[in-house]
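In the UniProt record's numbering, the protein residues as written are 1 to 308.
I should point out that these hints are in silico values taken from the structure, not numbers from a laboratory.
A virtual CB, placed ideally from N, CA and C, is assigned to each residue, including glycine.
Derived Cβ-Cβ restraints for the label pairs, each shown as a range:
1) R272 <-> V127: 33 to 43 Å
2) R278 <-> H89: 33 to 43 Å
3) D271 <-> D124: 37 to 47 Å
4) G131 <-> G105: 22 to 32 Å
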Amino acid sequence: MLRSALACLVLLGVVTYALVVKLTEDERAHCTVRAGDGRDEADRTLGPDQAANAATIAAVAARRGLPERAVTIALATAMQESQLRNIGHGDRDSLGLFQQRPTQGWGTADQIRDPVYSAGRFYDHLVKIPGYSRLPLTVAAQRVQRSGYPQAYAKHEADAAALTAALTGRRAAALSCTPEPVGTRHSGDPERVRAQLVREFGSRMLGGEPDAAPSEAARETASGRGASRTAVTVPAPGERRGWELAHWAVAHAGELDIDRVRYGSREWRADRGREGWRAVGGTAAAGAQGTGAGGGGGRVVLRVGTGH
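Input sequences plus hints: build the corresponding full structure.
Next up, the structure:
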């Protein structure tokens, strides 16, 4: 009898522990890339820093007018080299997302640790390869990286392609993040958000002239729960560009203290990140197209927390 009672207590403890672990995992900051229509596809999960780095890699390609294939090659390469983390060490003097080496002419250590710079340098080399977009991914990546393990890039191709579809805006409402709780984050700065958008996408993406100072975006301030919110409005000529910008903002939400992102009739909220993109002011179908009653079909609105 005593043995049975002890066994039940042990089982109860195991179940309780499993539930606590599951709840902790659900609450942990993370980003999810929604699966496509394929039966064998599953959602993919990344850390917030990985998603932000991936979004930067895609944005740098957009600034240069590069095709999706270039983004997929770059993402798969960074997945293999650093797991999409901006690491400060590696084999010999290798650094950053692509494990580039100062001694091999990739730049200074500080430059290489800058994701915008390192992605740009990767693309500098990639575009010099004749027909790179038609080559097998592992061949194109190896011609840039000259790795000792050239076949390793191929295993990341499916994940990189799914991430590319979201970050280039081809797949709507496909990337969502659950950042750290608001109370643990720093106050945001709308000017920093604008500066980061221009630095990664270029001022032309925001409706300005190339290399011009960022234009002043429309702002709105509201009060609620002791925090002010400033709206940074970014023009989005076309639904694909809209989702590209919207996903970029969500991926960088934790870093830039972006609390809400709205495009068309869809909205993402940091405090309800697990719900993904919710339909607001219109139908879900309308939101997926970047149109509808929300009135934001031609713009992406980012709400930045400026105080808690």
